[in-house]
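Participant: Sequence:
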Amino acid sequence: MWKTILFSSLLSNFSYGSAGRIKFIYDNYCPWSCLVKDGDQHSGFAVDLVKMIYAGDWQIDFSSSSFQRAIKEVESGRSDIIPAVYKNNDRNLIYSLPISTTNISVAIKSDNIRKLDFSKGLHPLKVGVAKGFVYSKAIADYQKRYPDLTSVVSTTSAVGQLLKMIDAGRIDLMTDNHEVLVFWRDYYKLKGIEIATAPSYLSYQKEIFLAFTSSDKGRKLRDRFNEKLLKMKENGELQKLKDRYSIR
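Start counting the sequence shown at 7; every next residue gets the next number (our numbering).
Certain hints may be false.
Stated by the list, open to error - Quick list of simulated restraints, FRET-style, between CB atoms:
#1 R250 x K121: 33 to 39 Å
#2 R75 x G242: 24 to 30 Å
#3 R151 x K226: 16 to 22 Å
#4 N118 x K226: 30 to 36 Å
#5 R151 x Q245: 39 to 45 Å
#6 A61 x S82: 24 to 30 Å
#7 Q245 x H129: 39 to 45 Å
#8 N241 x N94: 29 to 35 Å
#9 H129 x G26: 50 to 56 Å
#10 A202 x Q74: 25 to 31 Å
#11 N118 x R75: 30 to 36 Å
#12 D154 x K226: 45 to 51 Å
#13 L122 x M58: 41 to 47 Å
#14 N232 x R254: 17 to 23 Å
No lab work stands behind these hints, which were simulated from the structure alone.
Here the structure is a predicted model, which means the values were calculated and not measured.
Heads up, the beta-carbon is just placed ideally off N, CA and C, and yes, glycines get one too.
Using the sequences and the accompanying hints, generate a full structural model.
Facilitator: What follows is the structure in structure tokens.
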């Protein structure tokens with residue numbers, strides 16, 4: 007079930023006309039977007055960025071769901087914005103300027119870091135995957151070829167669950183954005199988990215974007231976002247927010 011809370015902005019007026027409402031949908035993907043962090047029901051780097059940029063005449067309806075459902079909601083126009091996505095031109099979405107870059111890392115039990123050799127390949131390791139987030143062709147191919155060695159978790163707390171499975175010895179490793187793995191490892195105090203540099207066949211650097219519905223409203227929101235984002239880069243506000251969440 008979706009969790010929706012109205013965030014009513016009471017700050018300054020923008021030049022973008024009369025008051026409007028934004029439907030912002032996201033999955034639990036800290037530190038980019040979080041269901042609960044430090045007592046705030048809607049937090050995270052991308053969530054706070056949206057609050058800062060649209061505070062004014064806009065009311066923001068926050069809804070949480072799985073990533074797959076969130077994408078469909080924005081593609082269909084039922085929601086307006088989803089945060090922290092890679093650009094995919096096959097989707098019916100429009101994108102902001104990049105808000106950050108990320109690298110893929112590997113989470114593995116510290117005791118196994120020298121025992122398990124995955125420098126050139128994954129077999130016969132047990133690999134965890136968050137449904138909808140396959141970060142490399144190698145992982146996708148492994149999932150198809152060895153479904154019995156792949157554990158797929160589809161809940162909104164999939165990353166945390168998979169890290170706990172590594173800690174318990176049920177799977178050997180998972181890959182994800184470096185800052186995401188670090189956040190959830192520290193959140194659950196999993197001191198036996200190490201976040202390691204991924205080998206070249208698993209790793210890449212990608213830019214992160216906000217995605218908008220491809221309607222006139224979506225384009226208006228995208229243009230406003232880009233305009234304000236550039237100003238935040240110039241005055242240092244963006245870097246301060248990145249530092250708060252350890253975002254690159």
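Participant: Would you mind marking each hint as holding or not holding in the structure?
Facilitator: Structure-based check of each hint:
1. Evaluation of the 33 to 39 Å hint for R250 and K121 yields a pass: the beta carbon distance comes to about 37 Å.
2. Checked against the hint of 24 to 30 Å, the pair R75 and G242 fails, with Cβ atoms roughly 36 Å apart.
3. Between R151 and K226 the beta carbon distance is about 45 Å. The supplied range of 16 to 22 Å is therefore violated.
4. Taking the beta carbon of each, N118 and K226 are about 50 Å apart, not inside 30 to 36 Å as hinted.
5. The supplied range of 39 to 45 Å is met by R151 and Q245, whose beta-carbon atoms lie about 43 Å from each other.
6. Taking 24 to 30 Å as the suggested C-beta distance range, the pair A61 and S82 conforms, at roughly 27 Å.
7. Here the CB-CB span from Q245 to H129 is close to 42 Å, well matched to the stated 39 to 45 Å.
8. At about 31 Å, the CB distance of N241 to N94 agrees with the hint of 29 to 35 Å.
9. Checked against the hint of 50 to 56 Å, the pair H129 and G26 passes, with Cβ atoms roughly 52 Å apart.
10. About 28 Å separates the C-beta atoms of A202 and Q74, a value consistent with the hinted range of 25 to 31 Å.
11. Between N118 and R75 the CB atoms are about 34 Å apart, so this pair conforms to the stated range of 30 to 36 Å.
12. A C-beta distance of roughly 49 Å is found between D154 and K226, which places it inside the suggested range of 45 to 51 Å.
13. About 42 Å separates the C-beta atoms of L122 and M58, a value consistent with the hinted range of 41 to 47 Å.
14. Taken as a hint, the range 17 to 23 Å holds for the pair N232 and R254, whose Cβ atoms sit roughly 20 Å apart.
Going through the hint list in order, the structure does not satisfy hints 2, 3 and 4.
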